[in-house]
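Asker: Sequence:
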Amino acid sequence: MKSSWPDAWRLLRIPFSLFLMPIFWFALSAAPEEVTFWRAAAVFLILHVLVYPASNGYNSYYDRDEGSIGGLKHPPQVTESLYWLVLAFDVLAVVLSAFLSLPFALLVLVYLLVSKAYSYKGIRLKQYPLGSTLVVVIFQGAFTFLMVQVGIGVSENTLWHTTNLLLALVSSLFLCGSYPLTQVYQHQEDARRGDRTLSLLLGINGTFLFAALSLLLATGLLLYTYWLRQEQINSLFFLLCTFPVLAVFTWWVWQVRQSPTAASFENTMRMNKVSSLSMSLAFGLMLAWHFWAG
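Residue 23 in the numbering used here sits at position 23 of the sequence shown, and the numbers go up by one each step.
Read the hints as simulated data drawn from the structure, not as lab findings.
Possibly wrong hints are sitting among the right ones.
Subject to a maximum C-alpha distance of 30 Å in a straight line, what follows is the list of computed DSS-like cross-link-like pairs (lysine-lysine) [as the list claims (entries may be wrong)]: (1) Lys273 with Lys73; (2) Lys116 with Lys273; (3) Lys73 with Lys121; (4) Lys73 with Lys116.
Take these sequences, add in the hints, and give me the full structure.
Answerer: Encoded structure:
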């Protein structure tokens, strides 16, 4: 039993949770004048060290993956230790969130419950291609975007402003494009479990086409919203910083067209790393520009 705890920690996949950083930085960059360092740091740690890893661990507990999963090429065997570790992370996340604000704690609790419904065998939203996609796109996108802002204490006027809600929608559209790409190498594993994922439904080529259209729509709406907010400098930061994403995605599509085996774990992780770092850099620069120029 002792040796099962290190494996349980690995299955939380804390480093992999950092791939969701862009939503955090995006939410901050949308309301830079209301950002305070200590609250932002607290929200970051609660989400990326507790909430996301707990969701990862719970998903692994029920999936019992035998093949590669996000962040782990060779996942260890699942034991009961993982379940109790996830539960401890859940409780700690909600309790610490309550110190920031009760609304934030409630949102964190809702997120954790939805993530459980995604994986729990009695509900398992993951087995439904459209339902699972909607859950991930909404809750890891717009819901998390607004949850971060509630956590850092933005005003209600800022939170419910039309352009802020448009940016929240943009975050969901970006997730809509990237989520199926994270499934593209798992078709065999998902089919074995009976999970009909969106990527499995679309096929490999269909997944890349769907992702391209979603990401294009998200980028268009983002640039339009920045124009409405008279933040054209943000558009420039975004386009410059995400050029590597376009390059890697285009190269990956070309490789897959040559051989479907290029839709692999390694290429998926590379795409995740490049897109996460590039978008985090873009939104981080927007924040830095505001504090420097403002």
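Asker: Could you run down the list of hints and mark each one as holding or not?
Answerer: Structure-based check of each hint:
no., hint, result
1, Lys273 with Lys73, "holds, 15 Å"
2, Lys116 with Lys273, "holds, 26 Å"
3, Lys73 with Lys121, "holds, 24 Å"
4, Lys73 with Lys116, "holds, 23 Å"
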